[in-house]
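**Student:** The chain contents come next:
Number of protein chains: 2
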Amino acid sequence: MISSILIIGTGLIGTSLALALKRTQPGIRVIGIDPHAESLDAAIARGAVDHAGSMEHVSKVDVVVLAAPVRQITLTLAAIAPLLRDHTIITDVGSTKQDVIAAARSALANRVSQFVPAHPIAGREQHGPAAADALLFDGKKTIITPLAENNRQSIGMITKLWEQAGASVVEMDASTHDAVFAAVSHLPHMLAFTMVNELASRPNAKTLFSHAASGFRDFTRIASSSPEMWRDIALNNRDALLQEFDQFLLRANEMRELIASRDENGLREFMRQAEKARGYWLSGQWSQFNNVDNDANDKT
Amino acid sequence: MISSILIIGTGLIGTSLALALKRTQPGIRVIGIDPHAESLDAAIARGAVDHAGSMEHVSKVDVVVLAAPVRQITLTLAAIAPLLRDHTIITDVGSTKQDVIAAARSALANRVSQFVPAHPIAGREQHGPAAADALLFDGKKTIITPLAENNRQSIGMITKLWEQAGASVVEMDASTHDAVFAAVSHLPHMLAFTMVNELASRPNAKTLFSHAASGFRDFTRIASSSPEMWRDIALNNRDALLQEFDQFLLRANEMRELIASRDENGLREFMRQAEKARGYWLSGQWSQFNNVDNDANDKT
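Residue numbers (the numbering used here), protein chains in the order written: chain B, 47 to 346; chain L, 47 to 346.
Same shape as in the complex, but just chain B:
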């Protein structure tokens, strides 16, 4: 039973989590901390946070949620370590997990069993408490990457927290998590930033953007994400991300070569694999999707 939580970082995710919990657990007490007074004030004004707290509250709540960008999470872990009592569980919302776990091991030492790493797979490109939404996690997944040191009770408590916020919980090991999200989230963000940066740097940027339509808008939506947050994610998941970069650039060069050599059939097949795979993904027809997969493997 979670009766009180301390949310450190009342941005989009922290404030949305508070709103989601208030919705299903009206009795819960939510204390907030944020280095930006206006963020904290906005979270309080929205009714997400009951009152502003201080680090002393770490010893007075059931759960501490580290909801800052990943770099701040590692700094905050060091700050809260000396204040931690036996009964408190710490969790985070970081988009990368191995780095946060390494920081937690270093900061929390023999209390690391009290840290249950988590990553809600939900977000939007707008940031800050004004963009928060009580339904942000509804029907979405939250990944928990448990430590060997965690007991089932602690994991169960954080699982419950996210279920109460509307999410379904999936457990995964941290290195798999980081590899999977480098591929399906981190690299797409980098490519969207790259596309907009490239066009914005040109002398005719204004002409280019004035003719960009809905395809471009959706392709680059994630380039409106927080630069600070995504810089941290990129650097904290550097190795997996660089590997994804290299595999993508190889594949992009393969497509470039199909175009350069006017390989009509090869180009159509390349596109068709993508179109089919995406169709199976959207419709959830995994058995069919395996066929696509095998086709693709046969080809290469």
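Derived from the structure by calculation, the hints contain no laboratory data. Where hints are given, some of them may not hold.
Treat identical chains as interchangeable: a pair holds within one or across any two.
[Unchecked claim] Okay, derived cross-link-like pairs now, DSS-like style, lysine-lysine, Cα gap no bigger than 30 angstroms in a straight line: (1) K68 with K252; (2) K252 with K187; (3) K106 with K252; (4) K252 with K206; (5) K186 with K252; (6) K187 with K106; (7) K68 with K206.
Using the hints provided, position chain L relative to the given structure of chain B.
**Tutor:** The following block gives chain L in isolation, referenced to the frame of chain B:
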């Protein structure tokens, strides 16, 4: 005054154009041709097309709209050339313009003045007449890339046609058109196909796709586009597209290097340029955007 049109190709764009014209010009007579009987039947069933036609109708209508993929457009131009009379204006909806114009010059010879090239900047990833929408062009742009041989009356007629379909018309020369759309449309499509193709080809594709969320969904939406249509666009706008590929790949390598070298400030600035530029684009604050542009130029 356009009282009758022949639409050759009753897919998404042809059928949407017919529906849009019927909406504002209820008296207009729309004749359709499509090599796929089911497409034509569907366009007729939707009330977009009044009846099926044959190539003979080329001589009997005010405007012929070539609404097939670009490769078919060039074949169709050759087929209709001998049937063309003085009063008929031909236009197209191709996403590339220099190649269509070259084909028109070759096929139509001294009647090329009757061909007014156009490109409606609207679409969706679904294709076929079932996806057609009377409001598809509403508030969107249509680019006309007039030929030196076109008279103002012909250009005015096609301008009127698209305005009646809800679009606003912009004139541009064909080579500028092809360069602009290689950058803001064609390359993003290639990159989206590449991203999905790459992940679909992996042994763990199923795991990867099962964790892909809304960022990935929007980034890859255009990878559900028609492979045949986009193969044709890629090959017909090959030179401009390859140039865009190379510039993008250089920029992607620049970002990769910022990550590899852990350049925190450089990476944040790279992302911030993109985030700011996209914000100015969405809000239409071009004067501010120019500043971003200059900043970016100063940096490089």
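**Student:** Each hint should be assessed against the structure and marked as holding or not.
**Tutor:** For each hint, the structure was consulted:
Taking the closest pair of Cα atoms, K68 and K252 never come within 30 angstroms of each other, the shortest separation being 45 angstroms inside a single copy and 35 angstroms across copies. For the identical chains of this complex, K252 and K187 are inter-copy neighbours only, at 16 angstroms across copies versus 39 angstroms inside a copy, given an alpha-carbon limit of 30 angstroms. In this homomeric assembly, K106 and K252 never come within 30 angstroms of each other (Cα to Cα): the closest approach is 54 angstroms inside a single copy and 43 angstroms across copies. With identical chains, the CA atoms of K252 and K206 are at most 30 angstroms apart between copies only, with a shortest distance of 27 angstroms across copies and 49 angstroms within one.
Taking the shortest alpha-carbon separations for K186 and K252, only the inter-copy value of 18 angstroms comes in at or below 30 angstroms, while the best intra-copy value is 37 angstroms. Only within a single protomer do K187 and K106 lie at most 30 angstroms apart by alpha-carbon distance; the minimum there is 29 angstroms, versus 59 angstroms between protomers. Within a single copy, K68 and K206 get their C-alpha atoms as close as 14 angstroms, which meets the 30 angstroms cut-off; across copies the closest is 56 angstroms, which misses it.
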